[in-house]
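Chemist: Letter by letter, the chains look like this.
2 protein chains.
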Amino acid sequence: MGVSMEWAAGGVTLPQGFRASGVAAGLKKAKKDLALLVSTVPAAAAGVFTANLVKAAPLLVTAERLRKGTAQALIVNSGNANACTGTEGYADAVAMAGMAAAALQLPEELVLVCSTGVIGRRLPLAKIEAAVPAAAAAVRKAGHDAAEAILTTDTVVKEAAVRFSMGGRPCVIGGMAKGSGMIHPNMATMLAFLTTDAAIEAGLLRRALKEAVDQSFNMITVDGDSSTNDMVLVLANGCAGNPVISGPGLEYQTFAEALTAVAVALAKKVARDGEGATRLIEVQVKGARTLNDARTAARAIAGSNLVKAAVFGRDANWGRIICAAGYSGALFDPSAVDIFLGAEQVAQDGAGLPFSEERAGRELAQDPALITVDFKEGDYSATAWGCDLTYDYVSINASYRT
Amino acid sequence: MGVSMEWAAGGVTLPQGFRASGVAAGLKKAKKDLALLVSTVPAAAAGVFTANLVKAAPLLVTAERLRKGTAQALIVNSGNANACTGTEGYADAVAMAGMAAAALQLPEELVLVCSTGVIGRRLPLAKIEAAVPAAAAAVRKAGHDAAEAILTTDTVVKEAAVRFSMGGRPCVIGGMAKGSGMIHPNMATMLAFLTTDAAIEAGLLRRALKEAVDQSFNMITVDGDSSTNDMVLVLANGCAGNPVISGPGLEYQTFAEALTAVAVALAKKVARDGEGATRLIEVQVKGARTLNDARTAARAIAGSNLVKAAVFGRDANWGRIICAAGYSGALFDPSAVDIFLGAEQVAQDGAGLPFSEERAGRELAQDPALITVDFKEGDYSATAWGCDLTYDYVSINASYRT
Numbered sequence: 001m002g003v004s005m006e007w008a009a010g011g012v013t014l015p016q017g018f019r020a021s022g023v024a025a026g027l028k029k030a031k032k033d034l035a036l037l038v039s040t041v042p043a044a045a046a047g048v049f050t051a052n053l054v055k056a057a058p059l060l061v062t063a064e065r066l067r068k069g070t071a072q073a074l075i076v077n078s079g080n081a082n083a084c085t086g087t088e089g090y091a092d093a094v095a096m097a098g099m100a101a102a103a104l105q106l107p108e109e110l111v112l113v114c115s116t117g118v119i120g121r122r123l124p125l126a127k128i129e130a131a132v133p134a135a136a137a138a139v140r141k142a143g144h145d146a147a148e149a150i151l152t153t154d155t156v157v158k159e160a161a162v163r164f165s166m167g168g169r170p171c172v173i174g175g176m177a178k179g180s181g182m183i184h185p186n187m188a189t190m191l192a193f194l195t196t197d198a199a200i201e202a203g204l205l206r207r208a209l210k211e212a213v214d215q216s217f218n219m220i221t222v223d224g225d226s227s228t229n230d231m232v233l234v235l236a237n238g239c240a241g242n243p244v245i246s247g248p249g250l251e252y253q254t255f256a257e258a259l260t261a262v263a264v265a266l267a268k269k270v271a272r273d274g275e276g277a278t279r280l281i282e283v284q285v286k287g288a289r290t291l292n293d294a295r296t297a298a299r300a301i302a303g304s305n306l307v308k309a310a311v312f313g314r315d316a317n318w319g320r321i322i323c324a325a326g327y328s329g330a331l332f333d334p335s336a337v338d339i340f341l342g343a344e345q346v347a348q349d350g351a352g353l354p355f356s357e358e359r360a361g362r363e364l365a366q367d368p369a370l371i372t373v374d375f376k377e378g379d380y381s382a383t384a385w386g387c388d389l390t391y392d393y394v395s396i397n398a399s400y401r402t
Numbered sequence: 001m002g003v004s005m006e007w008a009a010g011g012v013t014l015p016q017g018f019r020a021s022g023v024a025a026g027l028k029k030a031k032k033d034l035a036l037l038v039s040t041v042p043a044a045a046a047g048v049f050t051a052n053l054v055k056a057a058p059l060l061v062t063a064e065r066l067r068k069g070t071a072q073a074l075i076v077n078s079g080n081a082n083a084c085t086g087t088e089g090y091a092d093a094v095a096m097a098g099m100a101a102a103a104l105q106l107p108e109e110l111v112l113v114c115s116t117g118v119i120g121r122r123l124p125l126a127k128i129e130a131a132v133p134a135a136a137a138a139v140r141k142a143g144h145d146a147a148e149a150i151l152t153t154d155t156v157v158k159e160a161a162v163r164f165s166m167g168g169r170p171c172v173i174g175g176m177a178k179g180s181g182m183i184h185p186n187m188a189t190m191l192a193f194l195t196t197d198a199a200i201e202a203g204l205l206r207r208a209l210k211e212a213v214d215q216s217f218n219m220i221t222v223d224g225d226s227s228t229n230d231m232v233l234v235l236a237n238g239c240a241g242n243p244v245i246s247g248p249g250l251e252y253q254t255f256a257e258a259l260t261a262v263a264v265a266l267a268k269k270v271a272r273d274g275e276g277a278t279r280l281i282e283v284q285v286k287g288a289r290t291l292n293d294a295r296t297a298a299r300a301i302a303g304s305n306l307v308k309a310a311v312f313g314r315d316a317n318w319g320r321i322i323c324a325a326g327y328s329g330a331l332f333d334p335s336a337v338d339i340f341l342g343a344e345q346v347a348q349d350g351a352g353l354p355f356s357e358e359r360a361g362r363e364l365a366q367d368p369a370l371i372t373v374d375f376k377e378g379d380y381s382a383t384a385w386g387c388d389l390t391y392d393y394v395s396i397n398a399s400y401r402t
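As they're listed, the protein sequences go chains A and B. Using the numbering used here, the first residue of the first sequence is number 1, and each one after it goes up by one. Using the numbering used here, the first residue of the second sequence is number 1, and each one after it goes up by one.
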């Protein structure tokens, strides 16, 4: 990190003025499935949404409400995506947000709404309605409960937070995420909710969020499928008391770096916990002529089924790596490419080197498994994250609903 | 088929004037791995090549030689791709073609060359040199031996042929293909070699090949990875004695339809034999506003890991189908979409219908499993083919080299 910040234990309720809860509403079997997040005061708010043409109802409602750049609460359910549910689904999302507004005694337009789970089934609104009062009564410094309630096939809760200083005031950014299946770059590719007590204008908050997402959630991939429901939201309630960031400059930069750090930490947790994954794959492409070339190639390598299966099998099949870079759309000179698996160089100038299969296999067995590709042509680099492709991925996805 | 033609047993040597052989050169363990294909006279020739930026050496040699539009023979090895092998690899490809030219007593520039297998290892030229004379001595009506020699992880030989009539003369188009891993649309995505005794000018042959490939090999997907070595070649030697097709019109159309029929038959065999696959998935998108929208959506659905795993598990998770169409880039109105699994309609106007899980699961268990998506907006349709994603795919690709 370029700026002075430190990692902290906690998530969305670590910043001042945020409370949350997570309860079991009965949408999933005996698990927490309904989360509330609320700020003591209205907060600057911004979001990034899926690029999928098919957008779930709650996403449409939330995007509309974010146009004003202010929000104060968020209600999220897991177990049902409320996607492909027609005009009834849209009404259900509005109603669900309304339940949270009523229980929290907030204006409806300040409440955002989000769903994740199976596509194409009506939301069981009665179950949610029955559970919202208890969820509202339970809001406290319990970000962990909320982080648990938003999960679907995830195996671990995903939280991250940093402390830093701005305008002489201690500030915190916290976050929670869910991921697992359908994680793919080039859009907000899963659910992530970021909170901060820093004060920043909504327009700059939107810009910082886009910068952060481009380096984090848009650089991870599990299976190449982009969901109808993906979104990343950020709320900045100003409770830290720093002078409001109202233009570019050092303070904006500090904030954007801290936000990116939390986003990257969450994104890596999401990639690491890809369905059936046994380890994280980190792909660094350097020496590219443009940032776009570096990002495109890194994502293609991290997303290749053949590369992912080779990492699972600890098979130093570097041909699949250069092959994925080649079909990615990135421009580079294939005869200049160097490839490293961890510390072991396996290709130089686009051709194979004699290397130790044993050492290379050991490098691929690391968590994370590091793949470095150097185009040796320019100054741009990018890092993407993925996970290995395993028998369990197939097992999980062959019978998700049943 | 719009024109009158009939399927015939056989492959590349069914048309008049083509002979072939397949022998074991020791590149693979105790299996045929070297194929020769030769025409009695020079033939009009055309090719379509991988869109991967990284192109294997033999592909460069063959593309150069095809510029003149004439060729008479082809040598193919499996077991080694001769890709990412630098300038030495290029020289190896030229040398390999030269060995075939010498043994067949043909000018070098009329011999095309092709390799498939592991990337990044030098071709064992001595083994090939030792085997070429026997391969040349063995050429006869043995297309099946050649079709066997070009396979890698394929489980079945892939051949197809049709008989039809043109200019009062009986004509034949035959073909062989190999596929399995790394099969993805938008380029010549595997190896396929087509032969015909029809007479057609090289420019029109090129055009017919592109039309055929766009409806066949570019509409199949196994794992989304496009190889460095993919190519589709066609040789037309004119031995049928029909008047040379030298312009568009009925005869060209007849030829193009027959070529497309053979290409589609081979492409489906390739998709059906995807690594670890238990069945073919056929995705038809109709009612699209443009042909490109129909093709793009069909390919995305057939290529989605989540859809493929759901078919394997007979799980009627239609949300994944509309989701894949949504991120494909195709334009359509999500609230108008109808979806059918076989004969069972599961979604109407973009929302779920009550349907029989049992019947839908039975439809997905068919081979092929048929998925139909109707955008209900226009007149364009397209069909794509893929295979289910299984435990065996992971198993095969976790240890391909070892």
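Where hints are given, some of them may not hold.
Put simply, identical chains are the same to the list, so a pair is met inside one copy or across any two.
[Unchecked claim] In silico DSS-like links for lysine-lysine, alpha-carbon gap of 25 Å or less:
id : residue 1 : residue 2
1  : Lys-28    : Lys-127
2  : Lys-376   : Lys-55
3  : Lys-286   : Lys-55
4  : Lys-68    : Lys-28
5  : Lys-210   : Lys-127
6  : Lys-68    : Lys-286
7  : Lys-268   : Lys-68
8  : Lys-268   : Lys-286
9  : Lys-141   : Lys-210
10 : Lys-29    : Lys-376
11 : Lys-268   : Lys-210
12 : Lys-31    : Lys-376
13 : Lys-31    : Lys-286
14 : Lys-28    : Lys-55
15 : Lys-28    : Lys-141
FYI, nobody ran anything at the bench for these hints, they're computed from the structure.
Chemist: One pair to classify: Lys-29 and Lys-376, alpha carbons no more than 25 Å apart. Within, between, both, or neither?
Modeler: neither (52 Å within a copy, 38 Å between copies)
Chemist: Quick one: Lys-31 to Lys-376, C-alpha cut-off 25 Å, is that within a copy, between copies, both, or neither?
Modeler: neither (50 Å within a copy, 40 Å between copies)
Chemist: Given a CA cutoff of 25 Å, do Lys-268 and Lys-68 count as a within-copy pair, a between-copy pair, both, or neither?
Modeler: neither (31 Å within a copy, 52 Å between copies)
Chemist: Between Lys-68 and Lys-286, at a C-alpha cutoff of 25 Å, which is it: within one copy, between copies, both, or neither?
Modeler: neither (39 Å within a copy, 40 Å between copies)
Chemist: Since the copies are identical, ignore which copy is meant and state whether Lys-141 and Lys-210 lie within 25 Å (CA to CA) inside a copy, between copies, both or neither.
Modeler: neither (27 Å within a copy, 63 Å between copies)
Chemist: Under a CA distance limit of 25 Å, which applies to Lys-31 and Lys-286: within one copy, between copies, both, or neither?
Modeler: Neither: 43 Å inside a copy, 41 Å across copies.
Chemist: When no copy is specified for Lys-268 and Lys-286, does a C-alpha distance of 25 Å or less occur within a copy, between copies, both, or neither?
Modeler: For Lys-268 and Lys-286, the Cα distance is within 25 Å only inside one copy (19 Å; across copies 39 Å).
Chemist: Is the C-alpha distance from Lys-376 to Lys-55 at most 25 Å within one copy, between copies, in both cases, or in neither?
Modeler: Between copies, since 19 Å is at most 25 Å while 40 Å is not.
Chemist: For Lys-210 vs Lys-127, is the C-alpha pair at or below 25 Å within one copy, between two copies, both, or neither?
Modeler: So Lys-210 and Lys-127 fail the 25 Å test inside a copy (35 Å) and across (56 Å) alike.
Chemist: Under a CA distance limit of 25 Å, which applies to Lys-28 and Lys-55: within one copy, between copies, both, or neither?
Modeler: Within one copy only: 22 Å inside a chain, 49 Å across chains, cut-off 25 Å.
Chemist: For the identical chains here, do Lys-268 and Lys-210 meet the 25 Å Cα criterion within one copy, between copies, both, or neither?
Modeler: within (17 Å within a copy, 42 Å between copies)
Chemist: Is the C-alpha distance from Lys-28 to Lys-127 at most 25 Å within one copy, between copies, in both cases, or in neither?
Modeler: within (11 Å within a copy, 61 Å between copies)
Hint compliance for this structure: hints 4, 5, 6, 7, 9, 10, 12, 13 are not met, and every other hint is.
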